[in-house]
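*Asks:* Taken in sequence, the protein lines are chains A, B, C, D, E and F. Counting with the numbering used here, you get residues 894 to 959 for the letters of the first sequence. Counting with the numbering used here, you get residues 894 to 959 for the letters of the second sequence. Counting with the numbering used here, you get residues 894 to 959 for the letters of the third sequence. Counting with the numbering used here, you get residues 894 to 959 for the letters of the fourth sequence. Counting with the numbering used here, you get residues 894 to 959 for the letters of the fifth sequence. Counting with the numbering used here, you get residues 894 to 959 for the letters of the sixth sequence.
Just so you know, nobody snuck in bad clues.
Computed cross-link-like contacts, DSS-like style, restricted to lysine-lysine with a CA-CA straight-line distance of at most 30 angstroms:
| # | chain 1 | residue 1 | chain 2 | residue 2 |
| --- | --- | --- | --- | --- |
| 1 | A | K945 | B | K906 |
| 2 | C | K959 | D | K945 |
| 3 | B | K906 | B | K945 |
| 4 | C | K959 | F | K945 |
| 5 | C | K906 | E | K959 |
| 6 | B | K959 | B | K906 |
| 7 | C | K945 | C | K906 |
| 8 | A | K945 | A | K906 |
| 9 | F | K959 | E | K945 |
| 10 | D | K906 | D | K959 |
| 11 | D | K945 | D | K906 |
| 12 | F | K906 | B | K959 |
| 13 | E | K959 | E | K906 |
| 14 | A | K959 | B | K906 |
| 15 | F | K945 | F | K906 |
| 16 | F | K945 | E | K906 |
| 17 | D | K906 | C | K945 |
| 18 | F | K906 | F | K959 |
| 19 | D | K906 | A | K959 |
| 20 | E | K959 | F | K945 |
| 21 | B | K945 | D | K959 |
| 22 | C | K945 | A | K959 |
| 23 | C | K959 | C | K906 |
| 24 | B | K906 | F | K959 |
| 25 | E | K906 | C | K959 |
| 26 | A | K959 | A | K906 |
| 27 | F | K945 | E | K945 |
| 28 | D | K959 | A | K959 |
| 29 | E | K945 | E | K906 |
Heads up, incomplete: computed chain D residues facing chain B, CB under 10 angstroms, no partners named:
| # | residue |
| --- | --- |
| 30 | T909 |
| 31 | L910 |
| 32 | G911 |
| 33 | A912 |
| 34 | A915 |
| 35 | E916 |
| 36 | V927 |
| 37 | A929 |
| 38 | R932 |
| 39 | T953 |
| 40 | E954 |
Derived from the structure by calculation, the hints contain no laboratory data. Predicted, not measured: the structure shown is a model, and the values here were computed from it. Just so you know, even glycine gets a beta-carbon here, dropped at the ideal spot from N, CA and C.
Protein chains: 6
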Amino acid sequence: MISARNQLPGTVKSITLGAVMAEVVMDVGGTEVVAAITRTSVENLGIQVDDKVQAVIKATEVMIQK
Amino acid sequence: MISARNQLPGTVKSITLGAVMAEVVMDVGGTEVVAAITRTSVENLGIQVDDKVQAVIKATEVMIQK
Amino acid sequence: MISARNQLPGTVKSITLGAVMAEVVMDVGGTEVVAAITRTSVENLGIQVDDKVQAVIKATEVMIQK
Amino acid sequence: MISARNQLPGTVKSITLGAVMAEVVMDVGGTEVVAAITRTSVENLGIQVDDKVQAVIKATEVMIQK
Amino acid sequence: MISARNQLPGTVKSITLGAVMAEVVMDVGGTEVVAAITRTSVENLGIQVDDKVQAVIKATEVMIQK
Amino acid sequence: MISARNQLPGTVKSITLGAVMAEVVMDVGGTEVVAAITRTSVENLGIQVDDKVQAVIKATEVMIQK
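So here's chain A without its partners, still in its complex pose (with noise of 0.2 angstroms):
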């Protein structure tokens, strides 16, 4: 169990790969939620299109818009 407080269950819809860094597009309850996280964190995980997972995100980098 992880101290982070938000665990959105989403699918991967597409994933772009660059040397360094990956963007995981993933649809959470019919919103778009995009992570940015390193190439080798995708292949370690075996991330592929439609896949389940969890967008997790620690509470103190979550901003509010009003």
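Given the coordinates of chain A, assemble chains B, C, D, E and F onto it according to the supplied hints.
*Replies:* Only chains B, C, D, E and F this time, still in chain A's reference frame:
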């Protein structure tokens, strides 16, 4: 318009105020999303329970769990 | 209005595009400020050299050196 | 020398101490910059009002608003 | 399995609770590692002194000093 | 002196350069620590394999897994 790729519409459910930081819990499509922002930001934006807001998160802050 | 406490007005000096990430160098009152954002954000906002922009930073991301 | 690309010279204007976190407001070339750091860091560095300091920010933490 | 590249095994040495945030000091192979997480996370995970835990850090949050 | 609470001594094991970002893998007391920093920072600091460095991490970026 801000470069942050993630802007999730939600409703404020609860606010806990500390001396410096505040915790704001939102409902985003049935999932709880938590933001730890400064108390002054809560006051500057006048954030209150039941407010319609957006949780804003930079893509580099999103991890994936699988 | 966003909760991020730091919003520094500046001018875009250079943009370097990678496959996933982009580096945007700004001039903020004579000091260089650098942002690493996704390439897609640069494209979505149509960021170009000489644009007047704001560098936006959450207070929890700022350290102090003394 | 640290890899953080952003090192903005400023002056401490106010310090608010909580039990765990502290908010330090700086003046950086006429613009307010706010850092939320641990209270222990404020004590370890002996940060006081009127100190000449640098606000240090990793490039991946900077967003752009246009 | 989470995409965060850094997962450092350690032991909890002390916990300081604020109203919103908590500071958890760990011993990681003889080096002190400090986490500032929400008080609620400390309570949700039941973190106590002497617990065997992992300090988890996304690669994009790590700087290098040389 | 910087406010970041975590400064872990290590040795650079490998460097992968992208157009914008770079991945630097370090050995910290037998555990692998990975930093994703800008390519320009690698060049500015002249980071090379076998360099003695410190991995620097702000406390608000550290999560706990139990």
